[in-house]
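Since the structure of chain D is already known, use the hints to place chain V on it.
Take a look at the letters that make up each chain.
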Amino acid sequence: MQTRQKLTSKTHKTPSALCILTVLTAAAMIVLAARVFWFTPREAVMGDVQKVFYFHLSSAWVGALAFLSAAISGIGYLRSRRMRWDDIGSGSVEVGTLFSFITVLSGMSWARPIWNTWWTWDPRLTTTAIMLLAYVVYLLLRRSVEDPESRARFSAVYAILAFLSVPVTFLSIRMLRTIHPVLFGAGSTSSGMGLSQPMLLTLLMSLAVFSLLFAVLLWHQVRLQRMTRLLEEHRSLED
Amino acid sequence: MIRAEQLSKSYGRRLVLKNLDLQAYPGTCTVLLGANGAGKTTLLRTLSGLSKPDTGSITVNGLDQAVQPDLVRQQLGFFSHETLLYSDLTVLQNLLFYSRLYQVPDPDTRIETLLEQAGMTKRRDEPVRSLSHGFQQRLALLRTILHDPAVLLLDEPTRGLDRSALAFLEQTLLDSANSGKTILLTTHQPGGLQLPTHKILQLQDGTLHPESLPSSRSVNGEEKNIAYRSRPSSGSGLAGTEGKDTPSDYKDRASGIVVSGLEKEEILSGQPAGGSTGTTGSKASAGTDTEEPAAEQNTAAASASDHPPSNIWNTIAAIFRKDLAVELRRRQLLASLLIFSVLILFIFHFSLELLVKLRQELFSGILWTAVLFSGAIGFEYTMSVEDRAGGMDGLRLAPVRRPWIYLGKLLGNLFFLLLMELVLIPVSVVLSGVDIVHPGFLLLLLLGTIGYAAAGTLFSVMSARTRTRELMLPLLLFPIVLPLVIPGVQAGSILLAGGTLGAVQNWINLLIGYDILLLATILLLFDFVVEE
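These protein sequence lines map, in sequence, to chains D and V. Counting from 1, one number per residue, gives the positions in the first sequence under my numbering. Counting from 1001, one number per residue, gives the positions in the second sequence under my numbering.
For reference, chain V alone in the conformation it holds in the complex:
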């Protein structure tokens, strides 16, 4: 189950959620209604952990989100406005990436099963960008349920869906409810959605109000809630969704939501029907909540053991492989970096018509200039890939520590920068007429590149959230990395002029020290940059 208590969230002085209480139980589907801007998305993003509440607590199966965020994220599946899919990767690559992040056991079988259910087996090797909107939404739903989460949070999942995609969504929700998942979904156009079990809540003025159901009534002054228990699944589960309404079908007049193929059962407020279903919602019903925390903890523990938390190396490797796969499909980043950096060399060596001696003296400085400016473009590019996939939301939802995400992104950026340098150095040697590059020079370049990639990765995330991202990335980046560049250039020049490694030991120490300091500080701060 998921429970929110006294939840408040504001943007500036605008209070979006006001001391909101909410409980949703296993095997039930709770629908949140509300006008545009009522705060539905904010509520779901806060429940999912993407957005931090100002006050209040969120527990999922007894686990406190503030205390054990990784374990809580493992229990959640969030379907957001964005598909959180990488458009250049294939259907299979996307699902494999997320299965690695979530440590899904036997991912191949799981993915095959899901693709079959979604009717997408034949499209598994197609890039996501070639799929229709409906299929992208289906895939996004598969991503949401891939790790078999206990709680599903769906933000307007019906938006833009055609009839067959809608049927797939309804079927998935029905199956999820039948298997004891907690479902919480938002919509502002509720008409036509066929739900397995539900309670309807209206989000208004930052708080939840129970939506009046025609069959709700007050008995002896005691409020009753209505819950609907699904019939046992009939295999396809789609029965009743396409045909005429069955006698037990019910349409809520206020919301227009249709509940079909269900048995209706009255239960007292907050008491799950038949021991497995039922919902409570809003502050009004919070007082009658009688679930047992110990049982929640057991469920959470069992679930956690099913999916062991991701470890640092798996996370870094998964993100790195994903970045590599994106580049292998697009083949743009490396080529752009090389062309841009070689153009910088051309500007210095040919346009300025430098004398041979001067070229050799400037070798180190020109090379660093090329690395600096090309690198900034590279960081911007890799971040834009994340932006198109929902601005890192997919990564932030994963049950992994945020610094690990940073390290994964850093490894990708570092890899591409080093690849570029591998080509750039021989080109630069030829153009400048330098006889041979001292091994110590390569060490300096490596140390400088590590620090540069470390800062670049962080600032690309930060600048992406500013109004002037194109300007801000180099502005933020260069003053912080100049203490790396200056030793790199100075010591490099000394080495190329015949100096020994001992002669530049101070510079090397400075580079190592600054690298360590920078990386350690960024690892501590990254969480604050990616949070909402």
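Okay, chain D solo, but in the shape it has when bound:
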């Protein structure tokens, strides 16, 4: 009965802050798209295809942020054993996997006209694909463990280990020979891939809006995870 009450009262109603944030994020995405396509200068060499970069990099950023969030949630769960951490962890991985997939797809759509191939076995591409696969496995792992407590524990352990692939992906183009553009740190061009001031502003705006999008999606996802968990518990009690 308590679970049912929780399901119907606490979790069902979307918090007004989340509603407002969702609307704001949607508006920010529209503004961002308008800025990218109409108010950001066209890149001289690559042309319009370069505009993919703003979404590509931001998606990669959100992916890394989500996986970091999953690893931190994993540590949080193992220390406290609160299912809330598991909700955040699994929600983070779902959002992160989606954005990493967008990263790969947007990168491929850029590579086709620029490198003349959809895919090449470049260290960055390879390590990104491996990272993405690792987190898809995380989702499979959750499906193959029945007991919620064990599922949360194994997921936490795997999220921490899988996070090792994130720095490997980031460092791969700095340690190894690559054709992938290096934007930050050693090896990057002084002006950041030749970005002009308006382009840099668009990039920063894109990173901010995507971060907001991540926060909103994660919030929704955590609520969904919690409701699913409560529903599972409710069903197991009924059984």
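Source of the hints: derived by calculation from the structure; they are not laboratory data. Predicted, not measured: the structure shown is a model, and the values here were computed from it. Be careful, since some hints might not be right.
[Unchecked claim] Simulated restraints on C-beta separations:
hint	chain 1	residue 1	chain 2	residue 2	range
1	D	ARG177	V	LEU1422	29 to 37 Å
2	V	GLY1502	D	ILE20	56 to 64 Å
3	D	ARG81	V	ALA1497	46 to 54 Å
4	D	PHE101	V	ALA1066	40 to 48 Å
5	V	LEU1324	D	ILE179	46 to 54 Å
The C-beta atom is built at its ideal place from N, Cα and C for all residues, glycine as well.
Same frame as chain D, now just chain V:
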């Protein structure tokens, strides 16, 4: 003594143990009754440290299980549903393995004595799988008492026992009680078991209730418990168990448990009879508990000094020797690894009919593929050996740190992988036509294999607890170890093409760094994977 306070344990939303209190004293035997699914096994597994309580505390001879788990495990002997024996090893090998884990002083003499008592001396060199169920149970009991634990936890020890095995169990319990051990056992079919000293508790709705004894009565509103003190042991100790009931024999009508050959003594609730025996149980009797914590600590300290805690090297060596002994008896793992890896080489070299130059270029990649896929099979196999012996429960009960168990298993896996590579490399050289293997290539392979075995050992334990273990092991493993394989393959190819070690220094650094990171992370996380 063992004491549990406010113990709760739930699986999901199902609360199995509900703020349960329990005390059991030295020299006494407490029987826990309960229907199927009442939580008896959960209670014993929680008391033994195999399962972590949600709330509450467990102390054994004054030692807090949450604070000093290794010392507590040294004081416990747990007889579980599984025998926790390695079926391929002999009786002697099993007992020697556990005596190493528990640092039993003079293990040879101890094992000889126990085998003699159990009537198993002649069967010491027989593999466990060839023993009857009754003898396996006897051996499991020997494993339980091998390190002379202060507290015995027995989960349905009478299940499937014949008359002589039952007599041995009763005798062992009688001797243990006489020597001051605390005995706690569960059963749901209590009839016929002859116990030395006891209190009967009923586990119902997650809490313990004192089972009413016919001779229990309330005097002036004060509840009394009954304790039974054993007569001095008469040598064989079996007297009275096979003959007619003595005048002091007593059969509890509710449970059917027979107490025979005992003096009956009434004591006030919670007060050990004659200073050495007595039990309290359930929340109702907790308030009258008057034992002295200082005395408990002294007992624990004395016991700990008798059996110094195992050190890391002893533990690793014991587990490694055990894995080696299992393989020496089965002779399956290494042969399977070799056949499988050579088959992979065949698929690439013959089925694809590669040109000589291409074969040489692919040498590193093909070799790594063979190692990867064969290794996954090897990890699965070594874990299945543990599964058959109770899913690592035997190792988890030992008074050793969990990361040491991991290191022991890792050493075994690494050893078998390296042995396989030792054969695989020359075979691969011959098949691919590569002139000579650069020493740097061997270094790369070694570094990669260490990381691979490290991750494989962990994920074999994890995948064994999933619904789809056959699928999950390679799925979990490969994405995590690919950062090891790629440098291994890339740098290996450079070296085979005539490159120097300096040319692949970055790759080697990456391998070393990833190995260290992986191993350190896994050592921190292993405890969470093996816990319940």
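Right, here's what the structure says about each hint:
Look at ARG177 (chain D) against LEU1422 (chain V): about 33 Å separates their beta carbons, and that is inside 29 to 37 Å. Distance hint check for GLY1502 (chain V) and ILE20 (chain D): the Cβ-Cβ separation is about 59 Å, which falls inside the suggested range of 56 to 64 Å. Between ARG81 (chain D) and ALA1497 (chain V) the beta carbon distance is about 52 Å. The supplied range of 46 to 54 Å therefore holds. The hinted window of 40 to 48 Å between PHE101 (chain D) and ALA1066 (chain V) holds, with their beta carbons roughly 43 Å apart.
For the hinted restraint 46 to 54 Å between LEU1324 (chain V) and ILE179 (chain D), the CB-CB distance of approximately 48 Å keeps it satisfied.
In terms of the numbered hints stated before, the structure departs from none.
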